[in-house]
Amino acid sequence: MLLNILNLKMYFPIKKGIFGRVVGYVKAVDDITFSVNLNEVYSLVGESGSGKSTVARCILKLYEPTSGRILFEGRDVTYARGRELLEYRMKIQAVFQNPYLSLNPRMRIIDIVAEPILEHMDVDKADAYRIALELLEKVGLSDELTRRYPSSLSGGQAQRVAIARAIALKPKLVVLDEPTSALDVSLQAQILNLLEDLYNEYRMSYLLISHDLSVVRYISDRVGVMYLGKLVEESYTENLFENPLHPYTQALISAVPEPDATRSKLSKRIVLPGEPPSAISPPSGCRLNPRCPHAMDICRREEPPIIEIEKGHTVSCWLYTKA
Amino acid sequence: MVRDIILSINDLHIDYYTPDGVIRAVRGVSIELCKGESLCIVGESGSGKSTIGLATIRALPQNAVITRGAILYNDIDILKLSEEEMSKRVRGKEISIVFQDPAAMFNPLFTVGEILLDVIATHLGIRDRRKAYEYGINMLKLVELPDPERVVNSYPHELSGGMLQRVAIAVALSANPKLLIADEPTTMLDVTIQAQILDLLKRLRNELSLSMIFITHNLGVAAEVCNRIMVLYAGTLFEEGYTEDILTNPIHPYTRRLLECIPRAGRRVSRLKFIPGTLPDLRTPIPGCPFAPRCEYTTDICRKTPPPIYEVGYKHKVSCHLYQKR
Ligand SMILES: Nc1ncnc2c1ncn2[C@@H]1O[C@H](COP(=O)(O)OP(=O)(O)OP(=O)(O)O)[C@@H](O)[C@H]1O
Ligand SMILES: [Mg+2]
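Going down the list, the protein sequences come from chains A and B.
Here the first sequence is numbered in the working numbering, starting from 1 and rising by one per residue.
Here the second sequence is numbered in the working numbering, starting from 1001 and rising by one per residue.
For reference, chain B alone in the conformation it holds in the complex (with noise of 0.2 Å):
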C-alpha cells in the first residue's frame, strides 16, 4: 500500500515575509496523493491554495519560507534537493504546473514551437531539431489543438486563451511528468471553453495515468474533475474525502456554508445562505479553530484549542471539535 503513495505532504507550514508582517500562509497541511488520484485543493482566495501548489515544485517566491514539515515525492524528499537538482530531476520532469494565466508564463518573444523545442531538448535530450519538431506537433495534437503546424509558428498573443492553455498543459506534460499541478486552469475562461478543457484534462489524466492536484475555488469545477476534495481555509485543512462524500455529505460547518452560497434556484424560491464576517488576519495567530469567529456552533473550546482530525468515514477527515463526542 504504501508503494502507491506518489506525493506525501507532511504537516507543511509556510510564511511570507513583508513590510506589514509575517504571513502565516500554511498552517500545518498533511497530504497524501495515491498514484492516478486527482485530489482537488478548494477554497477561498487568500486560504493558501497556489502557496501549497508552488512548494511542490519548489517554485515559492523569495520572500516564502518553509519554517517546518516534509514534501515526499515517492522517494524524494523534495525540500532537501538543491536548485540544481530540482530543476534538472524534477521539476518538469516528474513534476509539472498549469497557471490560471498561461501568457503569464510563456515568453512573448518566442513562438510556441520555439518554447516547445526548448522543454524538448533539455528534458529530453532531444537536439536533432527535426525530431524534436515532430514530437512538439504530436505534444499539440495529444492536447486537441487545431491545426498545430500552424500554432507551432505562432507567438502567445496570437492565441485565444483556451488555445493558450492547451500550449500551457502540452509543454507542462512534454517530458512526461507523473504528477501535474493545475492552478485555477480554467479561471480565466469562458465556461464552454471551461469545459473544453476541463474534458482534456480528465482524458489526458487517463490515457498518461496522471495524478493531479487541482487547486480551484469553484466547487462545480472541482466535482467535476476529481475524485478527492479537500477544503482549506487560512491556510489549514478543514475537510477531505472522496468527492462524493464532500458534496453530498458534508461535516464540516464551513463545508456545508460553501456549499449553501451557492446560488441554484431562483430568488423567489429561497434566499441565499452567506458566511458573515470575514477571513482571520493571517499575521496574527490563531490559538483556536481559524473559522470559530464566523462559526455558529463556536464554544469556548473552539476559540482555544486547535481542533484535532477526525475520520469521520472512509478516508474522510474533518477538523472540527463538534465531532469529539462521536
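Extracted from the complex, chain A is given alone in its bound form (with noise of 0.2 Å):
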C-alpha cells in the first residue's frame, strides 16, 4: 500500500467576537479511513461541502489533521517536518482545478517546469532544461509555447503545464483535485487521455477528487463516495456505479444527466428531497436521514458501522446490518 489514511479528522473551530472565542466546529472531515495502493486510481467523489477536498489537502500537507493519521509508503507523516517533510512533498504532487493559480505569472512556461528538477535533482542547468522540454513535449505543447508567459495560454494548455510540472519529480502520487471541471469536453477528453499515458509511463497513483461522475468512472480503479464529511461508501469501481449499495450513492449516480436517448430517466432516477444541511450541526444518527428515502428509527439515533458487503466492498448504512 502507498497511503493509508486513518480515522482522518478536521474540524475547523468557528470563532465569534472580538475574542476569536470558538462557538463550534465545521467537522469538514470526520473519522475517514482508506488507503491508496501502489499504480492505483483512487477517486474520492462527493458533492460540494462533502469534504473531499479537505481531505486532498490533509494529504498535501497544506492543514494539520484535528486527528488521525497520514501513513505514507508505511511511515507516520501526520506530524512530518524538516528533511522528513521536504522528501514527502516530492513523492506526492497535485494537479487543481484552476491551472493560473498555481503557475507564477512572472515565469516562463519552461522556467516552471525546471525550476523543481533544477532544486530537486542532482542535474546542472543545462540538463534541467533538457528534461523540462521533453517533460512539456510529452504533455503536448509546442516548443514555440515554452517560452511563453501562462496568461497567454489557454485553460487546456496551462492545464498541462501545471501536469508537467507536478510530474517533473517523478512522484509516486499526484493528487488531482478536480483538473478537468473548468475545460470543454472535448478538452477535458485530451486531459484525461494526457493523464492515463502519463499514469501507464510511469507507473504513480493518482487521488482523484471530483464531482463529476463520468470523469470518476472512466478513470479510476476505485471509488469512495463521501456525504457530510464521512465516507458512505467504497468499492471498485465498476461495482460501485453497476450495484450502487448507499442510498446517497444510488441518488447521486441516478442525478447524473446523460446524452443518451434510450435510458428512461423517470423511472430510474431517485431524487433525494432537500439539501445537505450544514457540517457545523450535522444530523445526529447517519447523516443522511434526513433526506433517505429509507430511513429507519436507528437511523436517526445511530451512526452506522462499516459493513463489508463483499471484498472489497464497503457501505456504512443501517440497511445492511444483518437483520
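Just to be clear, a hint being listed does not mean it is correct.
Incomplete in silico selection of chain B near chain A, CB under 10 Å [as the list claims (entries may be wrong)]:
(1) Ile1005
(2) Ser1045
(3) Gly1046
(4) Phe1106
(5) Leu1109
(6) Gly1113
(7) Thr1186
(8) Asn1218
(9) Leu1258
(10) Pro1263
(11) Arg1264
(12) Phe1274
(13) Ile1275
(14) Pro1276
Only pairs whose alpha carbons sit at most 25 Å apart, straight line, appear in this in silico SDA-like list of lysine to any residue [to be verified]:
(15) Lys1141(B) - Glu258(A)
(16) Lys1317(B) - Glu1296(B)
(17) Lys1273(B) - Gly155(A)
(18) Lys1202(B) - Asp212(A)
(19) Lys1273(B) - Ser214(A)
(20) Lys15(A) - Glu1158(B)
(21) Lys1273(B) - His211(A)
(22) Lys138(A) - Leu1279(B)
(23) Lys1141(B) - Ile270(A)
(24) Lys138(A) - Phe1274(B)
(25) Lys1202(B) - Glu275(A)
(26) Lys16(A) - Ser1154(B)
(27) Lys138(A) - Glu1296(B)
(28) Lys1273(B) - Asp184(A)
(29) Lys1080(B) - Asp1101(B)
(30) Lys1202(B) - Lys15(A)
(31) Lys1202(B) - Ile253(A)
(32) Lys1315(B) - Glu258(A)
(33) Lys1202(B) - Ser278(A)
(34) Lys1317(B) - Asp260(A)
(35) Lys1202(B) - Lys16(A)
(36) Lys16(A) - His1157(B)
(37) Lys1141(B) - Glu1207(B)
(38) Lys1141(B) - Pro290(A)
(39) Lys1273(B) - Glu40(A)
Calculated from the structure, these hints are not laboratory results.
C-beta atoms are modelled at their ideal positions from N, C-alpha and C, and glycine is treated no differently.
Relying on the hints, combine the two individually framed chains into one complex.
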C-alpha cells in the first residue's frame, strides 16, 4: 500500500467576537479511513461540502488534521517536519482545478517546469532544461509555447503545464483536485487521455477528487463516496456504478444527466429531497437520514457501522446490517 | 401553422467591440421556436450561446452591436422596440431569463421578499402590500421552496445556490411570461441539486405552458430537458433537430465528435476520442466552414465556401458540405 488514511478528522473552529471565542466546529472531515495502492487510481467523489478537497489538503499537508494518521509507504507523515517533510513533498504532487493559480505568472513556462528539477534533482542547468523540455513535449506543448508566460495560454494548455510540473520529480502519488472541471468536454478528453498515458508510463498512483461521476467512472480503479464529512461507500469502480448500495450513492449516480436517448430517466431517477445540511450541526445518527427515503428509527439515533458486503465493497448504512 | 411560432430569429449577426479587435460572436443564426417547445442551444465555451440569449431580451452589453438580422416575438419586432417599450411590455412580462449565477442578479441589500414585491408591483401593478406578499409567497411555493415564509425574509447570501436558483426562477416567472430563457441555470450546482432544478423546470414548463430556450454546454443536460437541440459552433448553427435524432443519429462531424468526447465506460474499455485543435479566432473572417481546420473530412470546398443548411430528415438540419450529394 502506498497511502493509508486512518481515522482522519479535520474540524475547523468557528470563532466569534473580538476575542475569537470558539463557538463550534465545522466537521469538514469526520473519521475517514481509506488507502491508495501502488499504481492505482483512487477517486473520492462527493458534492460541495462533502469534505473531499479537505481530505486532499490534509494529504498535501496544507492542513494539519485535528486527529487521525496519514501513512505514506508505511511511514507516519502526519506530523512530518524538516527533511522528512521535504522528502514527502517530492513524492507527492498536486494538480488543481485552476491551473493559472498554481503557475507563477512572472515565469516562462519552461522555467516553471525546470524550477523543481533544478532545485531537487542532482543535475546541472542544461540538463534540467532539457528534461523540462522533454516533459513539456510529452504533455503535448509545442516548443514555441514553452517560452511564453502562463497568462497567454488557454485553460487546457495551462493545465498541461501544471501536469508537466507535477510529474517532473517522478512522484509516487499525484493528487488531482477537479483537474478538468473548468474545461470543455473536448479538452477534458485530451487531458484525461494524457493523464492515462502518464499513468501507464510512470507507474504512479492518482488520487482524484471530483464531483463529476462520468470522469470518475472513466478513470478510476476504486471509488470512495463522501457525504458531509463521512465516507459512506467504497468499492471497485464498476461494482460501485453497477451495484450502488448506499441510498446516497444511488441518488448520486441516478442524477447524472447522460446524453442517451434510450435511457428512460424518469423511472430510474432517485431524487433526494432538500439539500445537505451544514457540517456545523450535522444530523445525529446517519447524516443522510433527514433526506433518505429509507430512513428508519435507528438511522436517526445511531451512526451506522461500516459493513463489508463483498470483497472490497463497503457501505455505511443500517439497511445492510443483518437483521 | 405560422401562428404557432412564438419566437423567430432570422440571420442574426452580433459583434463585440474590444480593444483587441472586433469579435464576430454570432454569425448568421436562425431559430424558430413553436409554442410549448423547448430548444437547447448546445456548444462549447465561446460559441455564442449567451450572446444569443441576451440579444433575445435585449440585454447585450454596451460594446455589442447587432449588425444584421431580426428577432420576432409573436408579432413584436424586438430589435425595433424602444428601451422603454421593451422593459414595459416584453422583458419579464413576455420573455424572462435566468442565469448561471443567480447571486449576481440580485441586489444583496434586498430581501427575497423585497425583490419579489418590486417585480410584482412593476409588472402586475399589484401595489397592495398584503396582496403582493401573498402572491410572492405563492410564487415561492410554485418553485417548491420549503418554508417560504422564512425565505421571503432572507437575504440572497443566506440561501444556498440551489435555493437561490429557485428564487430566481420564481422572480422570472412572477409576471407570467410565455418564454423563459435559461442560461446554464444548473452549471454551478451539484448533480443532485441540478436534478431537482431540472425536474422543476420540466414541471413548470408543462404546467404553465412555457416555451423555453435552454442554454448549456452539457449534452446530458440538454438530453434531459429539451425536445429539440441546436448545436452551435463559432457563432454558427451546425446541426439542429429533435433531441433523439441528434443523440442517436448525429450527422455533423462536430456533433459526432462532441458526443464521443464524453467519458462513459472505464478507461480499459476504450480510449476517449477528442477534437484536435482549438476554436477559430473569432476576430478574423472565416471564409468557409469554421470547423474545417479541425475536421477529418475537410476538402477544398470546406475551406472556401460556407456550407449551406441541408434538410437531412424531418426537422433535422445540418450545415456541412458532406451532405451536398445526398
Ligand atoms: N462583453 C463582451 N465583450 C467582448 N467580447 C465578448 C463579450 N461577451 C462575450 N464575448 C465574446 O463573444 C464570444 C461568444 O461569447 P458567449 O459568452 O456568447 O459564449 P458562450 O457560448 O455563452 O460561452 P460560455 O459557455 O463560456 O458561457 C466569445 O468569443 C466571447 O469571448
Ligand atoms: Mg454563456
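>> Would the hint linking Lys1273(B) and Ser214(A) be met if the CA-CA limit is 25 Å?
In response: Holds. Lys1273(B) to Ser214(A) sits at ~15 Å (cutoff 25 Å).
> Regarding the pair Lys138(A) and Glu1296(B), is the alpha-carbon distance no greater than 25 Å?
Replying inline: Distance of about 24 Å is within 25 Å: holds.
>> Hinted pair, alpha-carbon criterion (25 Å max): Lys15(A), Glu1158(B). Please report holds or violated.
In response: holds, 19 Å
> Would the pair Lys1202(B) and Lys15(A) pass a check requiring their Cα atoms to be no farther apart than 25 Å?
Replying inline: Violated: Lys1202(B) and Lys15(A) sit about 43 Å apart, past 25 Å.
>> Let's test the interface hint: is any C-beta of chain A closer than 10 Å to that of Gly1113(B)?
In response: violated, 21 Å
>> Does Pro1263(B) hold up as a contact with chain A if the rule is Cβ-Cβ below 10 Å?
In response: holds, 4 Å
> Does the interface hint hold: is Phe1106(B) within less than 10 Å of chain A, judged Cβ to Cβ?
Replying inline: violated, 19 Å
>> Just to be careful, I want the Cα atoms of Lys1273(B) and Glu40(A) compared with a cutoff of 25 Å; is the pair within it?
In response: holds, 23 Å
>> Need the status of pair Lys138(A), Leu1279(B): alpha-carbon distance at most 25 Å?
In response: holds, 23 Å
>> Take the shortest C-beta to C-beta distance between Gly1046(B) and chain A; is it under 10 Å?
In response: OK, holds: Gly1046(B) within 10 Å of chain A, min 9 Å.
> For the pair supplied as a hint, Lys16(A) and Ser1154(B), is the alpha-carbon distance within the 25 Å limit?
Replying inline: holds, 22 Å
>> Can you verify the interface hint for Ile1005(B): is its Cβ closer than 10 Å to any Cβ in chain A?
In response: violated, 26 Å
Going through the hint list in order, the structure does not satisfy hints 1, 4, 5, 6, 15, 29, 30, 33, 35.
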